[in-house]
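Protein chains: 2
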Amino acid sequence: MLVREIGEFGLINRISAMLPEQSAGVIKGIGDDVAVLDTSGPEYLLATCDIQVEGVHFMRDAITPYQLGRRVAAINLSDIAAMGGDPRWALVSLAIPGDVEVGYVEELYRGMREQMALAGASIAGGNLSRMKSIIVLDFTLLGLVAPDRIILRSTAGVGDAILMTGSPGESRAGLELIRRPDLAVSSSARQRLIERHLCPQPRLAEGRLLARSGLVTSMIDVSDGVIGDLLHICESSGKGAEIEAAGLWISPDLGEAALAAAADSLEWALSGGEDYELMFTAAPEAVPDLQKMLIDQTGTSCAQIGRITAGTEVSLRFADGTRVVPAAKGWDHFGG
Amino acid sequence: MLVREIGEFGLINRISAMLPEQSAGVIKGIGDDVAVLDTSGPEYLLATCDIQVEGVHFMRDAITPYQLGRRVAAINLSDIAAMGGDPRWALVSLAIPGDVEVGYVEELYRGMREQMALAGASIAGGNLSRMKSIIVLDFTLLGLVAPDRIILRSTAGVGDAILMTGSPGESRAGLELIRRPDLAVSSSARQRLIERHLCPQPRLAEGRLLARSGLVTSMIDVSDGVIGDLLHICESSGKGAEIEAAGLWISPDLGEAALAAAADSLEWALSGGEDYELMFTAAPEAVPDLQKMLIDQTGTSCAQIGRITAGTEVSLRFADGTRVVPAAKGWDHFGG
Numbered sequence: 001m002l003v004r005e006i007g008e009f010g011l012i013n014r015i016s017a018m019l020p021e022q023s024a025g026v027i028k029g030i031g032d033d034v035a036v037l038d039t040s041g042p043e044y045l046l047a048t049c050d051i052q053v054e055g056v057h058f059m060r061d062a063i064t065p066y067q068l069g070r071r072v073a074a075i076n077l078s079d080i081a082a083m084g085g086d087p088r089w090a091l092v093s094l095a096i097p098g099d100v101e102v103g104y105v106e107e108l109y110r111g112m113r114e115q116m117a118l119a120g121a122s123i124a125g126g127n128l129s130r131m132k133s134i135i136v137l138d139f140t141l142l143g144l145v146a147p148d149r150i151i152l153r154s155t156a157g158v159g160d161a162i163l164m165t166g167s168p169g170e171s172r173a174g175l176e177l178i179r180r181p182d183l184a185v186s187s188s189a190r191q192r193l194i195e196r197h198l199c200p201q202p203r204l205a206e207g208r209l210l211a212r213s214g215l216v217t218s219m220i221d222v223s224d225g226v227i228g229d230l231l232h233i234c235e236s237s238g239k240g241a242e243i244e245a246a247g248l249w250i251s252p253d254l255g256e257a258a259l260a261a262a263a264d265s266l267e268w269a270l271s272g273g274e275d276y277e278l279m280f281t282a283a284p285e286a287v288p289d290l291q292k293m294l295i296d297q298t299g300t301s302c303a304q305i306g307r308i309t310a311g312t313e314v315s316l317r318f319a320d321g322t323r324v325v326p327a328a329k330g331w332d333h334f335g336g
Numbered sequence: 001m002l003v004r005e006i007g008e009f010g011l012i013n014r015i016s017a018m019l020p021e022q023s024a025g026v027i028k029g030i031g032d033d034v035a036v037l038d039t040s041g042p043e044y045l046l047a048t049c050d051i052q053v054e055g056v057h058f059m060r061d062a063i064t065p066y067q068l069g070r071r072v073a074a075i076n077l078s079d080i081a082a083m084g085g086d087p088r089w090a091l092v093s094l095a096i097p098g099d100v101e102v103g104y105v106e107e108l109y110r111g112m113r114e115q116m117a118l119a120g121a122s123i124a125g126g127n128l129s130r131m132k133s134i135i136v137l138d139f140t141l142l143g144l145v146a147p148d149r150i151i152l153r154s155t156a157g158v159g160d161a162i163l164m165t166g167s168p169g170e171s172r173a174g175l176e177l178i179r180r181p182d183l184a185v186s187s188s189a190r191q192r193l194i195e196r197h198l199c200p201q202p203r204l205a206e207g208r209l210l211a212r213s214g215l216v217t218s219m220i221d222v223s224d225g226v227i228g229d230l231l232h233i234c235e236s237s238g239k240g241a242e243i244e245a246a247g248l249w250i251s252p253d254l255g256e257a258a259l260a261a262a263a264d265s266l267e268w269a270l271s272g273g274e275d276y277e278l279m280f281t282a283a284p285e286a287v288p289d290l291q292k293m294l295i296d297q298t299g300t301s302c303a304q305i306g307r308i309t310a311g312t313e314v315s316l317r318f319a320d321g322t323r324v325v326p327a328a329k330g331w332d333h334f335g336g
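Chains A and B are the protein sequences, given in the same order.
Per this note's numbering: the first sequence = residues 1 to 336.
Per this note's numbering: the second sequence = residues 1 to 336.
Keep in mind that a hint or two might mislead.
What the hints assert, rightly or not - In silico SDA-like pairs for lysine to any residue, Cα to Cα no more than 20 Å straight-line:
1. K132(B) with R4(A)
2. K292(A) with G238(A)
3. K132(B) with M59(A)
4. K132(B) with E54(B)
5. K132(A) with E5(B)
6. K132(A) with Q52(B)
7. K132(A) with G55(B)
8. K132(B) with D61(A)
9. K132(A) with M59(B)
10. K132(A) with V102(B)
11. K132(B) with M1(A)
12. K132(B) with E8(A)
13. K132(A) with F58(B)
14. K292(A) with L2(B)
15. K132(A) with I134(B)
16. K132(A) with P97(B)
17. K132(B) with V102(B)
18. K132(A) with R4(B)
19. K132(A) with L2(B)
20. K132(A) with E8(B)
21. K132(A) with S129(B)
22. K132(B) with R60(A)
23. K132(A) with E54(B)
24. K132(A) with R60(B)
25. K132(B) with E5(A)
26. K132(B) with M59(B)
Hints were generated in silico from the structure; no laboratory data involved.
What you are looking at is a predicted structure, and each value in this text was computed from that prediction instead of being measured.
Build out the structure end to end from the sequences listed, making use of the hints.
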């Protein structure tokens, strides 16, 4: 049997089954985006990593090294944000061909350094290695969180409202505009959507605020798409969910790009992925307080996009009452 | 200017110069193999990583996935051993083509799991990604060490004896035997040397014992070769060194393999690299106690191979009194 036949999540399940269920000091291990570790210190240690492979995750001619550095740091910072944690230190493993310009590497590190500095964190170590023709960058991020403030994906309750910051699908639209420079969209929309794809902004202040509010029952960052990550919450929590199509905020820029590409803006919003927004759950009566708190203290709005149900199914309900179970399950890294 | 023109260590210097000299909680950062971090807990956090690229660091047909898993874990465990630390948790980033057998991935994880379990440590997380044709494996290892027991590479003193566990050069000999299966050596030597290359044994018990003895002034693990890693100690400590050629233990197996390959066994011992033995310094009067303690408590012997000098030069002295400054500076990952 080949890796591509069982896919990314099938492979994760096989690997998880081989490893001990409990290991010393491991609060959350394989299967979550972030490992939660007990170092016997006052806070839990958070550890996450993300690998960027040229030709798979990025094209060298479509993103500057500075942007790539910003982006890989932001992707990892977003994972720490979703736990309500404080990012602290990164290790960078870079495998690079010898014929790359030194200036390229310096720009890459400048991007990582600046994105980390914005989050009050720094690059503390790593590893350099030779590669034959492509660039591979693995970024490991360590953070800290107080044990009583950590928010997991596995603790959503039936009846909870599902909320989400920002407007999903814009990163997917930005990717389409990079791939198809001929698409007829306004230059302002083009620029903003491409920026959303290349330089996502991790929601660190929002994550910390939500974690400290005591009102949030589960949280995840949206990297695999709204449906994909909602499925992660539902599978971990042993619950189902119903998304209200009308609750998703389709931005005017996203609508414009989808129209030009003859694509379905709702599908991009639901399954596009790489939004790096926060999706979280809370009791319905807490929703107005959470929305007000977020907008007042961070300037970020959040919308209710559905609710957690009993069962295990994630369904989509339209304004006219029709209900479908979407097939798109978000990004599977071996599926594409 | 291209990456290969300034080499691995030139590039590390350029990157170090771009990053802040001091960052919150970073006791030792870029430039050492292991980052030392202060989490406000009772122990310092140690963090290191090593990337293995198919075709650069390993050949898929020359090492089994189980051996590769053992090896990548061992390489990282060796770095923690050299700090006197306790390894705890690993994150594994694996980028793999879709046409690899699932069984290959399972064997890889079995190797990592078993090597980690031998060290009382576990795999706590990571990341899976698609790759086009080759396998890339990045292994990040976290450990802990009491602040008063940590041993750095930067604290060797003039007049200190230089000691080393085991017999250097055997890993290099094993690599030669893998590359040239036709070489006429005994099957016992072949098997042991290849094993030394494919499955190095991290010197964890030895590292902890040495760190706790209070007698060791600096320590490093030998991955870049005896001369290469002694240069790391000397550069970090602002010192020089003299190696006694007669002090290096050339094992009979190494001698046999070098003879068959028409290679210089001393050169393999000095510059071969990937030995994953411990090199450390101590006051000359402490040498007998350290040697007895190591052999009594771990069964591992260590030999005095030279001494730390004033100045910055690393030289080699032969039994007849002649003295040379070796050109071989160990592994530069962009040099090969």
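Against the structure, the hints:
1. Between the alpha carbons of K132(B) and R4(A) the distance comes to roughly 12 Å, so the proposed pair stays at or under 20 Å and holds.
2. Note on K292(A) and G238(A): the hinted pairing is violated, with a Cα-Cα distance of about 30 Å set against a maximum of 20 Å.
3. At roughly 13 Å between alpha-carbon atoms, K132(B) and M59(A) fall within 20 Å of each other, so this suggested pair holds.
4. For the suggested pair K132(B) and E54(B), the alpha carbons sit about 12 Å apart, so the restraint of at most 20 Å is met.
5. Pair hint K132(A) plus E5(B) holds up; C-alpha atoms about 16 Å apart against a cutoff of 20 Å.
6. The hinted pair formed by K132(A) and Q52(B) meets the criterion: a straight-line CA distance of about 13 Å does not exceed 20 Å.
7. About 8 Å separates the Cα atoms of K132(A) and G55(B), which keeps this hinted pair within 20 Å; it holds.
8. This hinted pair checks out: K132(B) and D61(A) have alpha carbons roughly 18 Å apart, not beyond 20 Å.
9. The hinted pair formed by K132(A) and M59(B) meets the criterion: a straight-line CA distance of about 13 Å does not exceed 20 Å.
10. The suggested pairing of K132(A) with V102(B) is violated, with an alpha-carbon distance near 25 Å, which exceeds 20 Å.
11. Between K132(B) and M1(A), the direct Cα distance comes to roughly 18 Å. Compliance with the 20 Å bound is thereby established for this hinted pair.
12. Restraint check for K132(B) and E8(A): the C-alpha separation of about 15 Å stays at or below 20 Å, so the hint holds.
13. With a CA separation close to 13 Å, the supplied pair K132(A) and F58(B) stays within the 20 Å bound.
14. About 52 Å separates the Cα atoms of K292(A) and L2(B), which puts this hinted pair outside 20 Å; it is violated.
15. A hinted pair counts as satisfied when its Cα atoms are at most 20 Å apart, and K132(A) with I134(B) qualifies at roughly 10 Å.
16. Between K132(A) and P97(B) the alpha-carbon distance is near 16 Å, which keeps this suggested pair within the 20 Å criterion.
17. A C-alpha spacing of about 16 Å is found between K132(B) and V102(B), which places the hinted pair at or below 20 Å, so the restraint holds.
18. Taking the CA atoms of K132(A) and R4(B), the gap is about 12 Å. The hint holds against a cut of 20 Å.
19. Distance check on the hinted pair: K132(A) and L2(B) sit about 14 Å apart at the alpha-carbon level, within 20 Å; holds.
20. For the suggested pair K132(A) and E8(B), the alpha carbons sit about 15 Å apart, so the restraint of at most 20 Å is met.
21. For the hint linking K132(A) to S129(B), the alpha-carbon distance of about 19 Å falls within 20 Å, and the restraint holds.
22. Taken as a hint, the K132(B) and R60(A) pair is honoured in the structure, with Cα atoms around 15 Å apart against an allowance of 20 Å.
23. With a C-alpha separation of about 10 Å, the suggested pair K132(A) and E54(B) falls inside the 20 Å cut-off, and the hint holds.
24. For the suggested pair K132(A) and R60(B), the alpha carbons sit about 15 Å apart, so the restraint of at most 20 Å is met.
25. As the CA atoms of K132(B) and E5(A) are separated by approximately 16 Å, the hinted pair is consistent with the 20 Å bound.
26. Between K132(B) and M59(B) the CA atoms are separated by roughly 16 Å; this keeps the pair inside 20 Å, and the hint holds.
This entry does not satisfy hints 2, 10, 14, going by the numbered hints stated previously.
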